[in-house]
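Peer 1: Here are the chains, one letter per residue:
Protein chains: 2
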Amino acid sequence: MGKKDQQLHSRIKKDIIEKIESGYYRPGRLLPTEAEFCRIYEVSRTTIRTALQHLIMEGHIYRKQGKGTFVAKGKIKQTLSSSSLRYNDQLRAQSREPGIKVNECLETRADAKTAEKLGVEEGEPLYLVKRTRLADNEEIQYEIAYVRKDLVPELTEDSVKQSLYDTITANGHQLNRTEEQLKIVISDEEVSTHLNISAGAPCFQISTITFIGSEQAVEYSEAYFRGDRVEFVIEREY
Amino acid sequence: MGKKDQQLHSRIKKDIIEKIESGYYRPGRLLPTEAEFCRIYEVSRTTIRTALQHLIMEGHIYRKQGKGTFVAKGKIKQTLSSSSLRYNDQLRAQSREPGIKVNECLETRADAKTAEKLGVEEGEPLYLVKRTRLADNEEIQYEIAYVRKDLVPELTEDSVKQSLYDTITANGHQLNRTEEQLKIVISDEEVSTHLNISAGAPCFQISTITFIGSEQAVEYSEAYFRGDRVEFVIEREY
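Sequences listed follow chains F and A, in order.
Going by our numbering, the first residue of the first sequence is number 1, and it counts up by one from there.
Going by our numbering, the first residue of the second sequence is number 1, and it counts up by one from there.
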């Protein structure tokens, strides 16, 4: 694709974003078809396709099989700076209904990577917990967590369906602090299947190590957030 | 591409990441060619290409024109939770040399979007400042900032080359707080050109509104960070 085409699809993308932000195209509204957009902007199908593809990846619009392309609702906001607001409370504050599915909850042993993250020996018994979080029945977060079994012997599918942090404190620990890293990753099949997106779509990944009062790492997790549906909010005071 | 192929390229991607993390492939090292990887893993060129493409997008490896594919150095870390560490200090703490280029510094007027963000009328005089930040001479952040000219009349290319926040305080204001939103965006030509990446590569976008003591919004900015070179660090206390 030539330089000129690239500039065109970006200009069309910006124009559609402006029309969404100004309310000309409202959330939930059916957008023109590709052919109609070609006529509106007097450009090729390839140019329109690229513009729409980028708008889909960024979550401004979405496609429904056999129905067309629609304007997306606002993104789910997740506050990063505060430790106080739990997932459920954050969602309810945005008038969205939180949900959770436990995909797996089983015993495993630490491999090289989890051993290093948790500061234990390889082969140490761990719980492996995989969960999907929903907002208004839409999958938005998929999380793979490893929990030290020696520190948290009492962990069940029921307890992690409620709260993993409550499960840890119910085992007699006080949460002290977390160290988190936020990256962009390209979703693989496991992540894309659980988030109901195309494999290869960009996602946020937050890796977290949770420390208890004794400064021992009790949990290591990797959470994947839909890049097209989630944005993070940070508030800083000076 | 079939289901089987997809699972294969993800497994190869994971294997290469493990070999990088374990030190088998060290930072800066030339990796096998596509043809060699095909033989190593006994898979098709398409499968290898997809695995390498995802590894490049995530920043584990990078390609040098005509030289091959290399293992990337660790990502640049940016602390999100702290307000105290400036860009330059954060970089120096990672033994990286910070740099800044002023791409544009001119007077403009508020359009609908910036007027809404800054809480002013459309047409209000603003400064438009575009800057690129570097780490060890590599472009990692491109920032477009709008500053209210009535509040910050004294703003020059020289002053924003030093620090935009210092420029604001030198005009007699106290910084109070910021509201930031972090999203994944697909880079357009302007962003990709300044960050020296392919158009269409996923980037972080942080949009910031900066408030001064009077609770007036003095600045609105959109900063783009290379998704393959930057990760954010968050620390939370409980």
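Treat the hints with caution; some may be incorrect.
Identical copies look the same in the list; a pair holds intra-copy or inter-copy alike.
[Said to hold, decoys possible] Straight-line Cα separation of at most 25 angstroms, SDA-like style, residue types lysine to any residue; simulated pairs: (1) K161 - I20; (2) K77 - H173; (3) K183 - I100; (4) K14 - R96; (5) K183 - N88; (6) K19 - D111; (7) K101 - A201; (8) K14 - K75; (9) K14 - A112; (10) K113 - G28; (11) K19 - L175; (12) K19 - V120; (13) K73 - G99.
Just so you know, these hints were derived from the structure itself, not from any lab.
Peer 1: If a hint holds in the structure, say so; if it does not, say that too.
Peer 2: Cross-check of the supplied hints:
no. : hint        : verdict
1   : K161 - I20  : neither (37 angstroms within a copy, 35 angstroms between copies)
2   : K77 - H173  : neither (29 angstroms within a copy, 30 angstroms between copies)
3   : K183 - I100 : both (23 angstroms within a copy, 23 angstroms between copies)
4   : K14 - R96   : neither (28 angstroms within a copy, 35 angstroms between copies)
5   : K183 - N88  : both (23 angstroms within a copy, 21 angstroms between copies)
6   : K19 - D111  : between (50 angstroms within a copy, 14 angstroms between copies)
7   : K101 - A201 : within (22 angstroms within a copy, 32 angstroms between copies)
8   : K14 - K75   : within (18 angstroms within a copy, 30 angstroms between copies)
9   : K14 - A112  : between (46 angstroms within a copy, 14 angstroms between copies)
10  : K113 - G28  : between (43 angstroms within a copy, 22 angstroms between copies)
11  : K19 - L175  : neither (46 angstroms within a copy, 33 angstroms between copies)
12  : K19 - V120  : between (54 angstroms within a copy, 21 angstroms between copies)
13  : K73 - G99   : within (18 angstroms within a copy, 39 angstroms between copies)
The structure shown violates the earlier hints numbered 1, 2, 4 and 11.
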